[in-house]
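Trainee: Next come the chains, spelled out residue by residue.
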Amino acid sequence: METGRAILVDITKCIGCRSCEQACKEIHGFPKDTEAQLSPTALTVIEERGDKYVRKMCMHCQDPACASACLVGALKKTSTGPVTYDGSKCIGCRYCLVACPFSVPRYEWSKLVPYVKKCDMCAARQAKGAPPACVEACPTGASIVGDRAELLEEAQRRILAGGYVKHIYGSEEAGGTSVFFISDVPFEKLGFAAAPTQPLPTLTASALGDVPTVVLVGGSLLSGLYWITQRRAEVATAESSDGRVNGKERRQS
Amino acid sequence: MTRTLPKLTMWRLIVAAIFAAGVYATYARFFHGFAASTNLTDPQPWGLWVGLGTLCGVGLSAGGFAIAAAVYLLGFERYRPVLRAAVLVSFLGYMTVIAGMMYELGLPWRIWHPIVMWNRHSVLFEVSWCVMLYSTVLALEFSPALVEKIPIAALRQWYLKWHHEILIGLVMAGVVLSSLHQSFLGGLYLLTKGKLHPLWYSPYLTTLFYLSAIPAGLAVTIMALYLSIRSLNVKLDPGILSEISRVIGPMLALYGVFRIVDLSKNNALPLLFQWHEEAASFWLEFALLVIAPLILLSRQSVRNNPQSLYWTCAVIAGGFMTNRLNVSITGLQASSGIYYIPKWTEFACTLATLTAAALAFRYAVIYLDILPKNPPQPRWMVQGAVAEA
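As you go down the protein sequences, you meet chains A and B in turn. Taking numbering that gives the first Met the number 0, the leading residue of the first sequence gets 0, the next gets one more, and so forth. Taking numbering that gives the first Met the number 0, the leading residue of the second sequence gets 0, the next gets one more, and so forth.
Treat the hints with caution; some may be incorrect.
Claimed, not checked - FRET-style restraints, in silico, Cβ to Cβ:
1) A:110 <-> B:338: 17 to 27 Å
2) A:25 <-> B:361: 55 to 65 Å
3) A:236 <-> B:261: 40 to 50 Å
4) B:111 <-> A:204: 20 to 30 Å
5) B:278 <-> A:35: 31 to 41 Å
As the list claims (entries may be wrong) - Simulated crosslink set (DSSO-like; lysine-lysine; CA at most 27 Å straight-line):
6) B:192 <-> A:188
7) A:55 <-> A:75
8) A:127 <-> A:75
9) A:31 <-> A:12
10) A:188 <-> A:12
11) A:165 <-> B:192
12) A:51 <-> A:165
13) A:55 <-> A:127
14) A:110 <-> A:55
15) A:188 <-> A:55
16) A:110 <-> A:31
17) A:31 <-> A:127
18) A:110 <-> B:342
19) A:75 <-> B:192
20) A:55 <-> B:192
21) A:12 <-> A:51
22) B:148 <-> B:372
23) B:192 <-> A:76
To be verified - Reference listing, derived: stretches of chain B covered by chain A, where coverage requires no fewer than 3 residues with Cβ under 8 Å from a Cβ of chain A:
24) 71-77
25) 96-107
26) 111-124
27) 165-178
28) 190-199
Since the hints were made in silico from the structure, they are not lab data. Since the model is a prediction, treat every value here as computed from it, not as a measurement. For every residue, glycine included, the Cβ atom is placed at its ideal position computed from N, Cα and C.
Kindly generate the complete structure, drawing on both the sequences and the hints.
Mentor: Put into structure tokens, the structure is as follows:
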């Protein structure tokens with residue numbers, strides 16, 4: 000479960016040079032202008048919070064809400080870590096945007112054939128053994144890539160060494176993610192979402208689990224009701240026809 | 000006759016204006032995209048088309064399965080005269096939902112994808128299948144009204160015989176499918192924990208959606224029946240309307256109690272007495288959907304007067320729409336940090352599809368045997384109808 004690749008972002012080391020933004024735009028062939036917020040052409044951005052720089056990107060949840068929401072299975076958590084998007088399946092319902100606890104996915108609102116856009120942790124590059132473009136471009140080592148379990152240990156080591164808030168953002172959020180943040184400033188002051196700590200798909204799993212019960216119990220209940228109704232109608236017809244026979248007899252006699 | 004002519008002309012003008020706006024909005028949507036035709040953004044990816052078109056469209060169409068179940072499964076024969084009309088209202092409602100989907104989806108030509116690409120962990124997947132299947136059920140339930148107009152007797156008889164054999168199965172499937180997707184529309188928002196305002200987020204969103212859909216669907220059925228009696232020369236005993244309305248009150252009361260208990264279990268009751276937009280929206284919703292209808296429906300003078308009943312049902316439908324829009328828009332505003340107001344073209348598309356459905360209902364009632372046209376009427380009812388007109 001703890002396998003797969005992950006990214007650790009150390010906010011104390013980020014100098015706001017935006018090399019990650021540029022590298023991301025470069026490999027996707029997006030226009031190079033800096034954007035203030037995530038957009039279909041900015042899959043990671045640096046946001047300034049006071050004197051700190053906070054990197055925004057897909058958190059690559061362990062049990063992603065977007066993947067459970069997607070009715071055609073276009074979004075998938077891969078065993079190697081990244082949450083990927085298959086545009087050829089997407090129908091454009093945008094439930095993934097509604098579902099994401101971090102409000103990360105973007106939609107191409109101005110296109111006539113719009114798709115969802117989000118970071119895929121350079122899944123194709125990583126499959127070839129190369130690091131994600133943003134990590135490779137980081138000059139200070141503020142972003143590093145590695146095995147998820149090892150990165151968690153590394154984050155713990157740094158926190159124990161002192162100078163950090165005692166929390167790894169992403170270790171519990173949304174049931175755990177594959178992107179971690181450590182910081183010397185409390186996360187709520189940096190605008191991090193206070194995401195629920197359980198995996199969000201568990202919230203719908205129980206409702207969906209009721210489907211067979213509803214079908215079986217509902218079906219038998221309705222059949223039972225129908226049977227009772229039929230029986231009552233039969234009895235009523237029998238009784239009234241009896242009455243009619245009696246009436247006829249009376250009239251005849 | 001001459002007196003009603005100018006009125007008809009005015010209505011035709013309004014309908015023409017709605018369709019003209021709808022055509023322009025459709026053009027804007029399909030030739031210039033979402034950005035040109037909607038105010039949707041990444042923080043508010045679902046707007047009026049989902050909130051009103053889908054959530055309200057499906058919810059307010061719940062009357063068909065309820066009336067069908069009452070007649071066929073519970074043996075309430077007194078509802079039979081309005082059965083076809085109720086099924087037709089639901090069927091047309093689902094047609095507007097599907098038409099609305101073509102606007103709503105970014106890639107509408109892939110609307111068939113869920114048939115072959117399955118994700119059974121997705122609530123939306125279940126909803127899409129239930130809506131597909133239930134629309135088919137409604138079409139089959141309604142089909143005799145069309146088939147009996149076929150001039151070939153053998154074909155007609157063959158179809159009606161075959162239809163009779165599967166009818167009970169259809170009605171049962173309709174009840175199960177409706178129960179599933181009416182509740183799962185609420186289930187869509189279970190994933191929005193932390194985003195949806197606590198006045199609307201609940202682990203029991205499914206139950207809340209289900210409990211509110213049935214009375215609201217019945218209210219819309221009553222409205223359609225009243226308008227048919229009033230302007231389509233349908234001769235229906237208006238007593239049947241008060242008959243239906245009698246079950247709405249207890250259902251709304253049950254929903255209201257469930258809603259309040261649920262809020263208190265989620266520790267959200269104190270939020271009701273703070274001054275912010277969400278609390279005001281809640282009170283508007285609760286007043287229209289629960290409080291006002293319960294007061295009105297408790298009065299015999301309202302239940303037995305078709306016009307008062309019509310307006311009461313309009314209040315219920317309004318309250319229901321307020322609830323669905325609160326869940327889908329108002330309740331998400333604080334967390335999204337933006338204030339979404341639909342663009343006029345969004346209204347225009349939804350209004351045009353609803354108008355098309357209303358026209359389809361009108362012509363179906365005129366040209367098909369949907370509602371009885373010459374039943375015997377007690378004299379006081381005729382007087383009532385005259386007084387109405």
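Trainee: Each hint needs a verdict: does it hold in this structure or not?
Mentor: Against the structure, the hints come out as follows:
At about 25 Å, the beta-carbon gap between residue 110 of chain A and residue 338 of chain B stays in the expected band of 17 to 27 Å. At roughly 60 Å, the beta carbons of residue 25 of chain A and residue 361 of chain B sit within the given window of 55 to 65 Å. Residue 236 of chain A and residue 261 of chain B have their C-beta atoms about 45 Å apart, which keeps the hinted 40 to 50 Å range intact. Taking the beta carbon of each, residue 111 of chain B and residue 204 of chain A are about 26 Å apart, inside 20 to 30 Å as hinted.
In this structure, residue 278 of chain B and residue 35 of chain A meet the distance hint of 31 to 41 Å, their C-beta atoms being roughly 33 Å apart. Between residue 192 of chain B and residue 188 of chain A the alpha-carbon distance is near 21 Å, which keeps this suggested pair within the 27 Å criterion. Of the supplied pair hints, the one linking residue 55 of chain A and residue 75 of chain A holds, its CA atoms being roughly 20 Å apart against a limit of 27 Å. Simply put, residue 127 of chain A and residue 75 of chain A have alpha-carbon atoms about 19 Å apart, close enough for the 27 Å limit, and the pair holds.
Distance check on the hinted pair: residue 31 of chain A and residue 12 of chain A sit about 24 Å apart at the alpha-carbon level, within 27 Å; holds. For the hint pairing residue 188 of chain A with residue 12 of chain A, the CA-to-CA distance comes to about 17 Å; that is within 27 Å, so the pair holds. Between residue 165 of chain A and residue 192 of chain B the alpha-carbon distance is near 25 Å, which keeps this suggested pair within the 27 Å criterion. A distance of roughly 17 Å separates the Cα atoms of residue 51 of chain A and residue 165 of chain A; the hinted pair therefore holds under the 27 Å criterion.
Annotation: proposed proximity of residue 55 of chain A to residue 127 of chain A holds, straight-line Cα distance about 25 Å (limit 27 Å). For the suggested pair residue 110 of chain A and residue 55 of chain A, the alpha carbons sit about 24 Å apart, so the restraint of at most 27 Å is met. Between the alpha carbons of residue 188 of chain A and residue 55 of chain A the distance comes to roughly 15 Å, so the proposed pair stays at or under 27 Å and holds. Between residue 110 of chain A and residue 31 of chain A the alpha-carbon distance is near 19 Å, which keeps this suggested pair within the 27 Å criterion.
For the suggested pair residue 31 of chain A and residue 127 of chain A, the alpha carbons sit about 25 Å apart, so the restraint of at most 27 Å is met. For a cut-off of 27 Å, the pair hint linking residue 110 of chain A to residue 342 of chain B stands: about 18 Å separates their Cα positions. For the suggested pair residue 75 of chain A and residue 192 of chain B, the alpha carbons sit about 21 Å apart, so the restraint of at most 27 Å is met. For the suggested pair residue 55 of chain A and residue 192 of chain B, the alpha carbons sit about 21 Å apart, so the restraint of at most 27 Å is met.
Taking the CA atoms of residue 12 of chain A and residue 51 of chain A, the gap is near 10 Å; set against the 27 Å cutoff, the hint holds. For the hint linking residue 148 of chain B to residue 372 of chain B, the alpha-carbon distance of about 16 Å falls within 27 Å, and the restraint holds. This hinted pair checks out: residue 192 of chain B and residue 76 of chain A have alpha carbons roughly 21 Å apart, not beyond 27 Å. Here's how the stretch 71-77 of chain B fares: 4 of its residues keep a CB closer than 8 Å to some CB of chain A, so the rule of at least three is met and the hint holds.
Only residues whose C-beta sits within less than 8 Å of a C-beta in chain A count toward coverage, and the stretch 96-107 of chain B has 5 of them, enough to reach three; the restraint holds. Counting residues of the stretch 111-124 of chain B whose C-beta lies closer than 8 Å to any C-beta of chain A gives 11; at least three are required, and the coverage claim holds. Chain A is given as covering the stretch 165-178 of chain B, and this holds because 5 residues of the stretch bring a CB closer than 8 Å to a CB of that chain, at least three being needed. Counting residues of the stretch 190-199 of chain B whose C-beta sits closer than 8 Å to any C-beta of chain A gives 5, which meets the bar of three, so the coverage hint holds.
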